[in-house]
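So the chains spell out like this:
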Amino acid sequence: MPAAESYPDDLRYHPEHDWARVDGDEATLGITWFAQDSLGELVHYEAPEAGSTVTKDSSYGEVESVKAVSDIVAPLSGEVLEANAKVVGAPETVNDDPYGEGWLIRIRMSDSSELDALMDADAYRTHVAES
Amino acid sequence: MTEPGRAWGDAPLIFERSRSGRRGGRVPDYGLPKPELPPGLSRARAPRLPELAEPELVRHITALADRTFGVDTGFYPLGSCTMKHNPRVNERVGLLPGFRDLHPHQEDEGAQGALELMWTLQGILAEVAGLPAVTLQPAAGSQGELTGLMLMRAYFADRGEERDTIVTADTAHGTNPASVAMAGYKLERVETDARGNLDLEDLRGKVDERTAGLMLTNPSTLGLFDEGIEEVARIFHDAGALLYYDGANLNAVVGISRPGDMGFDIVHYNLHKTFSQPHGGGGPGGGPVAVRETIEPFLPAPVVVREGDAFRLDHDRPKSIGRVRGFAGPFGVFVRSYAYMRAYGPALREMSEVAVLNANYVLAKLRDAYDLPYDRHCMHEFVLSARSLKRDHGITALDVAKRLMDYGIHPPTVYFPLVVPEALMIEPTETEPKERLDDFVDAMQAIAREAAESPELLKEAPHGRPVRRLDEVRAAKQPVLRYAFDDDPAFVG
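Protein sequence lines correspond, in order, to chains A and B.
Numbered according to our numbering, the first sequence spans residues 710 to 840.
Numbered according to our numbering, the second sequence spans residues 19 to 511.
Source of the hints: derived by calculation from the structure; they are not laboratory data.
Just so you know, not all the hints are guaranteed correct.
As the list claims (entries may be wrong) - EDC-like mimics (lysine to aspartate or glutamate), calculated; alpha carbons at most 16 Å apart, straight line:
#	chain 1	residue 1	chain 2	residue 2
1	B	K495	A	E755
2	B	K495	A	E801
3	B	K408	A	E839
4	A	K776	B	E490
5	B	K495	A	E773
6	A	K765	A	E788
7	A	K776	B	E145
8	B	K224	B	D176
9	B	K495	A	E750
10	B	K408	A	E714
11	B	K408	A	E773
The structure displayed is predicted, hence computed values, not measured ones.
Using the sequences and the hints given, assemble the complete structure.
Right under this line is the structure:
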């Protein structure tokens, strides 16, 4: 069951339609409702290895739908602690619950000042309306 | 058009038509000995071939043909594929016995006519590209791309330069990044600016002494000619890098502008798009590559050369990257494209002029019914967006495409290029008369109205085709790739 459109206020957003939920020096990353809606139902998630590093604004993996293969852009830099195995096995989890069960990776942030460059939910909603 | 136009009936698979012991013909018993195969080469079980009489076989194939849609049955505006009409005279020329029956191992002396055709074709292609040297070997655009990148690698290796990065546009066909990866290069992607050109500021920051070259389609997959192409070429050449022209959209510019004059160093053509071959089912294709003098020594061997009045295959090219295809390349494709070019003669540019005219006519008629992301005159194709239909009525580009089938029209390319949301990429080609263009315009305008008035009609489309809306997600996740016999599900034929 595809989720209804929403952009939770407790997340930070990257213009490439990725979100970050920060908890201390760790962050959980995923793609937004807008991103999964644009792609359609996902059929594959190419996840990074735990222990690898991700760099803000660079691709850390791929998601694939019947329409397209799309790079996933990291909103923050850091070390990958875990990729979501549930999404690897059932990529449509992202469509059903993009901010909950459908998270993509957890990282240990290397530079928390990068958070300042991300958008809050209001700014991202405006960004989506212009996309 | 909302009701099915006809009853399609069942189309059983050939295995479902099969009945044990039926046959379509008898092979005489010549009393020959049974051949003995080396041990280990025989299959464990006989293949399970369908068994049926000839009339049933003919009906099966006719039923499949009846369900097939092609440029011979209707309008086929599949963007970037150039689904133009293929003149039948090309087939007649291609089937001349001297061409058709020529053995690939024929000595040069006994194949002078074929070699002359190839040599002349190389010359015409060189003139179209504005570059002096041509290889005909690559069998498809994608193989032309790989050949072009291998030529870049050989060129830089010969100069002792180490370069590891290829730049592509964010509008590039998917084959570009795939070719880059296959050739062992790193990929750098450049953004498109608000007018649909390469973003020069972004580009300047991504070109340096590690850059081997650029791969670019011009006009781009947005159907727009890059207005900054000369500056783009300067940026790469100043860095010592090369420019590769992906000829997927060459149909827009033949005889009007030449990639070599724009600054490109390596060019591939799609003979099956621009120069008329039946295509759309995987071949046969032709992807010749043209290069500047400085890159000529690296071309795949052999190359057809002329000496006096004689022609021969020149194998003595010590710096060649080697063969990229068996024998002389897809020769039947050469004959048909050559016939096509000679039929136009010096008027070849009319092909591109009418292709651009037709596309702009359709664009002008549809610009108010759909979103137009880049508001410029287009070249041979253009990209619309169903963004407003989606926002206002929940109707996507896919729904529009499926509904077009009910109007007897092949859908355009959808969801590409990726920089345009809900993209519909439309290429009418030059071989469509105004009436067919108007039919398409009428259908697209009707569909935009239907989206507002009865969106469920579009959501459930197509209604009048042999099959309804396919489950693409399930097809991607659980593909059924072979027939499973009910009475023997484990059998692998």
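Mind checking the alpha carbons of K495(B) and E773(A) for me, to see if they're no more than 16 Å apart? Answer holds: K495(B) to E773(A) is near 11 Å, not above 16 Å.
K408(B) paired with E839(A) [C-alpha distance capped at 16 Å]: holds (14 Å)
With the threshold set at 16 Å, check whether the alpha-carbon distance from K495(B) to E801(A) stays at or below it. Measuring from Cα to Cα gives roughly 11 Å; hence the hint holds.
Would you mind confirming whether the straight-line C-alpha gap from K408(B) to E773(A) stays at or under 16 Å? The hint is violated at about 21 Å.
Given the hinted pair K495(B) and E755(A), is their Cα-Cα distance within 16 Å? holds (15 Å)
16 Å limit on alpha-carbon distance, applied to hinted pair K495(B) and E750(A): holds (11 Å)
If you draw a straight line from the CA of K224(B) to the CA of D176(B), is it 16 Å or shorter? Between K224(B) and D176(B) the Cα gap is close to 24 Å, so the pair fails against 16 Å, i.e. violated.
Is the straight-line distance between the alpha-carbon of K765(A) and that of E788(A) 16 Å or less? Between K765(A) and E788(A) the Cα gap is close to 11 Å, so the pair holds against 16 Å.
For the pair supplied as a hint, K408(B) and E714(A), is the alpha-carbon distance within the 16 Å limit? Holds, at about 14 Å.
Given the hint that K776(A) pairs with E145(B), does the C-alpha gap stay at or below 16 Å? Measuring from Cα to Cα gives roughly 38 Å; hence the hint is violated.
Would you check the hint for K776(A) and E490(B), treating anything up to 16 Å between C-alpha atoms as holding? Holds. K776(A) to E490(B) sits at ~9 Å (cutoff 16 Å).
Taken one by one, the earlier hints fail for this structure at numbers 7, 8, 11, listed in ascending order.
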